[in-house]
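As a plain string of letters, each chain reads:
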Amino acid sequence: MTAREKLRGKYFGGNRWRNWGRLPPFALAVIGLPYLGWRLFAGLMGEELPNCLTDQHMLPAPEFVAVGLLCFVGGRYLGVFRFLDEWRGHQGNNSAIWAVGLFAFFSLVLTLTFVFEAYGLAQVQGLEPITSYVRCAVVYDKLRNAPGIWTGVVVGAICFLVGHWLLAWHPTRSHRGHSP
Amino acid sequence: MNDTAFLTSTFRPGMAGFVLAIFLALWLLACMELICEVMDWPSIGYRVQGWSRDNPPYVATLLVVLGALLAHFLWNPIT
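Those protein sequences? They're chains E and H, same order as listed.
Note that my numbering gives residue 117 to position 117 of the first sequence, counting from 1, and the numbers run on in steps of one.
Note that my numbering gives residue 10 to position 10 of the second sequence, counting from 1, and the numbers run on in steps of one.
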């Protein structure tokens, strides 16, 4: 047994799904995300905002693309801590229902987003395309929280999840003993 | 657009709504993952990983779309 396998067995779950090491970060996210989201929301709704369209030099911001790529790679290689081969056979249906529900919800949100985008492109009742709102929010974050801390955090979190969920590097039994 | 027109436009609620939607989505995910951990169920992430392992063409398409969106939002001038 390699040192990495020992580490994984001891600290990263072993044969159980539950992994106590993952509870603190999730608990922190459940408490911290609403607080942070509300603070940023209230700031945008309440503070004096300059016209973001006049700050032409704030975008493009390739540094956030770089952050996203780094987090994507990090998310991909975090998959190394669990062996998929050992998980097959004890799945059950419990969270599968949630996953299907999540996919249905995601599809609904995507549909509503496209409808909104259509209205935004047509500029019905002063609406703008979502891109304009996103880019303006990035400009304000760069102005208020230089160099754009919360944009970096959100881009990093999303890219981390994309890398971890869609392209996770899971070593199979044949890879045991080899570094990724 | 001048400053007065900007402040009376939909930019302010649009940006705030976008920020709220992002954080709400991340919070819902964190809640579901926490419940899965406590109940000793396979995580949502594991379920998605299973789907992505079984459907590489869809994954490739999704990655291209998400990469294009990232570049579209952040690697372009503001107007």
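These are calculated hints, taken from the structure and not from any lab test.
Predicted, not measured: the structure shown is a model, and the values here were computed from it.
One thing to keep in mind: the hints can contain errors.
Computed beta-carbon distance windows for the label pairs [what the hints assert, rightly or not]:
(1) E/48 to H/64: 36 to 46 Å
(2) H/56 to E/57: 20 to 30 Å
(3) E/19 to H/24: 43 to 53 Å
(4) E/22 to H/53: 35 to 45 Å
(5) E/108 to H/63: 15 to 25 Å
Heads up, the beta-carbon is just placed ideally off N, CA and C, and yes, glycines get one too.
Run through the hints listed earlier and report the numbers of any the structure violates, in increasing order. Violated hints (numbers, rising): 2, 3 and 4; every other hint is consistent with the structure.
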